[in-house]
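If you read the sequences in order, they're chains A and B. So in this note's numbering, spot 476 of the first sequence is number 476, and the numbers just go up one at a time. So in this note's numbering, spot 155 of the second sequence is number 668, and the numbers just go up one at a time.
Quick caveat, the hints were computed from the structure, so don't treat them as lab data. Only a predicted model underlies this, so the values are computations on that prediction, with no experimental measurement involved. Hints are not guaranteed to be accurate.
For lysine-lysine, the following DSS-like pairs were computed, each having C-alpha atoms within a straight-line distance of at most 30 Å [unchecked claim]:
#, chain 1, residue 1, chain 2, residue 2
1, B, K730, A, K363
2, A, K376, B, K686
3, B, K730, A, K90
4, A, K391, B, K520
5, B, K730, A, K391
6, B, K730, A, K332
Incomplete in silico selection of chain B near chain A, CB under 10 Å [to be verified]:
#, residue
7, E570
8, K783
9, L845
Cβ atoms here follow ideal geometry from the backbone N, Cα and C, with glycine treated the same way.
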Amino acid sequence: MKEPLIRMTNIVKRFPGVVANDRVNLEVYRGEIHAILGENGSGKSTLMSILAGLYKPTEGTMEVSGVERKFRSPRDAIACGIGMVHQHFKLVEPFTVAENLMLGQRRGGMLVEQGKVAAEIRELADRYGLAVDPDACIWQLSVGEKQRVEILRLLYQGSRVLILDEPTAVLTPQETSELFQNLRRMADDGCAILFITHKLNEVESLSDRVTVLRSGKVVGTQVRASLDRKALVNMMVGKELQVQPVRKSTRIGEVVLELKAASALNDMGRKGLDELSLSIRSGEIYGLAGVAGNGQRDLAEVIAGLRPMTGGDYLLDGESANGLPPRTLIEKGVSYVPEDRLGMGLVPDLNAVENLMLKDYKKAEFGGRWLLDYQKLSDWATGLVQEYDVKLSSLLQPVKLMSGGNLQKLLLAREITRQPKLMVVLYPVRGLDIGAIEAVHRLLIGLRESGAAILLVSEELEEIVKLSDRVGVLFGGKIVGEFPADALDLEQIGLLMAGADVQAGGEDSALSR
Amino acid sequence: MLFRVEKRMTTPPSLMVLVPVAAACAAMVFCALFLLLTDRSPVAVYGAMFEGALGSEYGFSETIVKAIPLVLCGLGISVAFRMQVWNIGAEGQFYMGAFAATWVALNFPSLPAVVMLPFMMAMGVLAGALWGVLAAWLRNRFSVSELISTLMMNYIAILWVSYLVYGPWRDPKGLNFPLTAPFPEAAILPSVGDSRVHAGLLLALVVALLLQFVFRKSRWGYEIRVIGSSPSAARYAGLDIQGNALLVMCVSGALCGLAGMVEVSGIVGKLQAGISPGYGYTAIIVAWLARLHPIAIVLVSFLFAIIQVGGFMVQTLGVPAAVATMIQGAILFFVIGADIVTQYRIYRVSGDGSEVND
Numbered sequence: 001m002k003e004p005l006i007r008m009t010n011i012v013k014r015f016p017g018v019v020a021n022d023r024v025n026l027e028v029y030r031g032e033i034h035a036i037l038g039e040n041g042s043g044k045s046t047l048m049s050i051l052a053g054l055y056k057p058t059e060g061t062m063e064v065s066g067v068e069r070k071f072r073s074p075r076d077a078i079a080c081g082i083g084m085v086h087q088h089f090k091l092v093e094p095f096t097v098a099e100n101l102m103l104g105q106r107r108g109g110m111l112v113e114q115g116k117v118a119a120e121i122r123e124l125a126d127r128y129g130l131a132v133d134p135d136a137c138i139w140q141l142s143v144g145e146k147q148r149v150e151i152l153r154l155l156y157q158g159s160r161v162l163i164l165d166e167p168t169a170v171l172t173p174q175e176t177s178e179l180f181q182n183l184r185r186m187a188d189d190g191c192a193i194l195f196i197t198h199k200l201n202e203v204e205s206l207s208d209r210v211t212v213l214r215s216g217k218v219v220g221t222q223v224r225a226s227l228d229r230k231a232l233v234n235m236m237v238g239k240e241l242q243v244q245p246v247r248k249s250t251r252i253g254e255v256v257l258e259l260k261a262a263s264a265l266n267d268m269g270r271k272g273l274d275e276l277s278l279s280i281r282s283g284e285i286y287g288l289a290g291v292a293g294n295g296q297r298d299l300a301e302v303i304a305g306l307r308p309m310t311g312g313d314y315l316l317d318g319e320s321a322n323g324l325p326p327r328t329l330i331e332k333g334v335s336y337v338p339e340d341r342l343g344m345g346l347v348p349d350l351n352a353v354e355n356l357m358l359k360d361y362k363k364a365e366f367g368g369r370w371l372l373d374y375q376k377l378s379d380w381a382t383g384l385v386q387e388y389d390v391k392l393s394s395l396l397q398p399v400k401l402m403s404g405g406n407l408q409k410l411l412l413a414r415e416i417t418r419q420p421k422l423m424v425v426l427y428p429v430r431g432l433d434i435g436a437i438e439a440v441h442r443l444l445i446g447l448r449e450s451g452a453a454i455l456l457v458s459e460e461l462e463e464i465v466k467l468s469d470r471v472g473v474l475f476g477g478k479i480v481g482e483f484p485a486d487a488l489d490l491e492q493i494g495l496l497m498a499g500a501d502v503q504a505g506g507e508d509s510a511l512s513r
Numbered sequence: 514m515l516f517r518v519e520k521r522m523t524t525p526p527s528l529m530v531l532v533p534v535a536a537a538c539a540a541m542v543f544c545a546l547f548l549l550l551t552d553r554s555p556v557a558v559y560g561a562m563f564e565g566a567l568g569s570e571y572g573f574s575e576t577i578v579k580a581i582p583l584v585l586c587g588l589g590i591s592v593a594f595r596m597q598v599w600n601i602g603a604e605g606q607f608y609m610g611a612f613a614a615t616w617v618a619l620n621f622p623s624l625p626a627v628v629m630l631p632f633m634m635a636m637g638v639l640a641g642a643l644w645g646v647l648a649a650w651l652r653n654r655f656s657v658s659e660l661i662s663t664l665m666m667n668y669i670a671i672l673w674v675s676y677l678v679y680g681p682w683r684d685p686k687g688l689n690f691p692l693t694a695p696f697p698e699a700a701i702l703p704s705v706g707d708s709r710v711h712a713g714l715l716l717a718l719v720v721a722l723l724l725q726f727v728f729r730k731s732r733w734g735y736e737i738r739v740i741g742s743s744p745s746a747a748r749y750a751g752l753d754i755q756g757n758a759l760l761v762m763c764v765s766g767a768l769c770g771l772a773g774m775v776e777v778s779g780i781v782g783k784l785q786a787g788i789s790p791g792y793g794y795t796a797i798i799v800a801w802l803a804r805l806h807p808i809a810i811v812l813v814s815f816l817f818a819i820i821q822v823g824g825f826m827v828q829t830l831g832v833p834a835a836v837a838t839m840i841q842g843a844i845l846f847f848v849i850g851a852d853i854v855t856q857y858r859i860y861r862v863s864g865d866g867s868e869v870n871d
């Protein structure tokens, strides 16, 4: 067998409190397209960042063409011919394509030879079909073109190993198929392509080999010839899911939330929600499974009134709630627990009292039309902190000093005490320890028992199985499958999460059940 | 051996006070070195400055007179800055306030003082407020940075007043100087004894206390604290960000306009070109150094007035009055530079413990 271009051996990467990569071995060969498959948080990005010189591994060795290397910075990696295209492009918007490619280059003298660089870029672009005008400014380019510039930059720097972090997440289907053709040309030319993904159809249509990561470990590698999507899903999700569902709700009532063919744009101006329909009843937890970035936040923001709908209907208790502002929805009993606790849900520099009162400060009991009675507010906050078991050293300390679990409890205390009739909660236990996770789950179950409708968005199947009365799968801004709690099929859910149904259809369809 | 800098999560309150004071002292030492280089004794110069600004009844009253517009403009600026609305337009709002008050005084000369003064005040406040709200409206409607619009509107206001005093409003009996006719007696703010200290001082102190109360106890104070601290959380909680931007610029402009009215009515007694020696700009520094705290703004304004009046006084020693400007600049420079101590913790480490190369 030929010599691998890259060999990573026993790579371990520890961050405070987490092992992101646990004794990972990976070999990459010249001319291959190698997919790195795994769910969010499985350690894919960390591993690739180590290869690109962004992180130093805690343990383990890396060889490039048989020579051991230690990268101190991305510059070292680039010098060894390894480059990475990040999900967020690192381009200087007002500069031209040529100027961006020249940035950081150390060859040549003091003078910049614009013409020569432009010619070199054209030559590279022609060879791999990466059509870009070298004199165009970055801000004028589409997302797909920007990505081409990033790839061109790597080639221009002389990289032979190209790492792409979820390259298709920002592309249209048309752009995706172009990208795949171009990548294939590069591989045929002797480059090695590594791409991070969690979409099965991409793995099937593009990669020569695929390595699956789960919780920081390599669970397996498959070659194209013997690709088995069911096996891949099992590797990704893990078969041995052993959670006992909590006693299911017995008091399911009227429909509280109903979305009919709701569409909305995401932050990139593309389709975030694609005619999504959904209904949730009171006393019910609807678990929404799916890989992050498939419209979860767009959905939550539409329900909270923070994102306009471009089509469809939003009904609350049977009445139209289209276009209502956040304030009105809050008053109608819609509660939103965002994923970004300190960025959106709480004000980091303000103290616990000021954060707890965020949605209630206008209540008559806390002052008149103009003033606030901080004594009363403080007493009220003390009560809440005790009731919800939030641990803090002082009510008057900025909340950014609190731990993740206590922040989440504080946030839930504020939301639950308002007795919402609908709560949308995103990734509620992300980054929390086991004790805090239990506490958060208890709070959500308690809220359900009091008759609220809850939309639980999570990427942890375990959490969804444990809490939900009904489970839906979100992919590409649509609900692609729905299961009652007593008829969950984890394999189907895993396939749907990876987009199997959308591309393959037929036998994998859960909708036809 | 390496030094590591780490962002502080919180700053001990003692540091918040100590550091700026130490920085101000360091600025004085820095300027002393400069004075030494020019063969002047810093002790003598500083002595003369403080003596001049505080030692005599005249000097003291001048210091207070200079502090009044700084306090009012500084308070106005602090209202906007608290919501992270960057009103750089205090100077322009000051001029518009002065203009509107003058319009009343010149057009209704026969009004009695009890009507005249409130009328002038109302118009001054209104003009400043409108000048401020315009920038907020542009920000809301077209996302124009208020930093730019307020700055540009300063020039419009300053030149507008110049046009008036050189043209239509010029006093025919004024020997061709660019001045309006003197105000009638009723349009002059009462002053303390025969000094130039006028009722504007009372106004400034009342406004400072009022704002202190509003910031700490009112609903609105809470709202602008939330919006200023985290706009995304404010939007999430359904707070009215655009409405508050209008309101904040309205109050901010109103206070600066009030400063302009007080200055024409209390000190100058007529409108003239260059009626402010840059109070609106100095007040930005004052507000910033005082960390937008109303009571601190009063104190810092007083300090800056001492430096300004003192700088004027030391001209008798052959020292240029620009020394005052130099000291102001140095203080700002040092205090902002010293922020690294309040914002970050600096400590020594050995070996390299770094994880991320990026």
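Do the hints match the structure? See the list:
1. Our distance criterion of 30 Å between C-alpha atoms is met by K730/B and K363/A, whose separation comes to about 15 Å.
2. Restraint check for K376/A and K686/B: the C-alpha separation of about 64 Å exceeds 30 Å, so the hint is violated.
3. With a CA separation close to 45 Å, the supplied pair K730/B and K90/A exceeds the 30 Å bound.
4. Restraint check for K391/A and K520/B: the C-alpha separation of about 24 Å stays at or below 30 Å, so the hint holds.
5. Simply put, K730/B and K391/A have alpha-carbon atoms about 27 Å apart, close enough for the 30 Å limit, and the pair holds.
6. Taking the CA atoms of K730/B and K332/A, the gap is about 28 Å. The hint holds against a cut of 30 Å.
7. Because the beta carbon of E570/B sits about 42 Å from the nearest beta carbon in chain A, more than 10 Å, this interface hint is broken.
8. For K783/B, the interface hint is violated, the least distance from its beta-carbon to any beta-carbon of chain A being 39 Å, above 10 Å.
9. Taking 10 Å as the C-beta contact cut-off toward chain A, the hint placing L845/B at the interface is violated, the least distance being around 24 Å.
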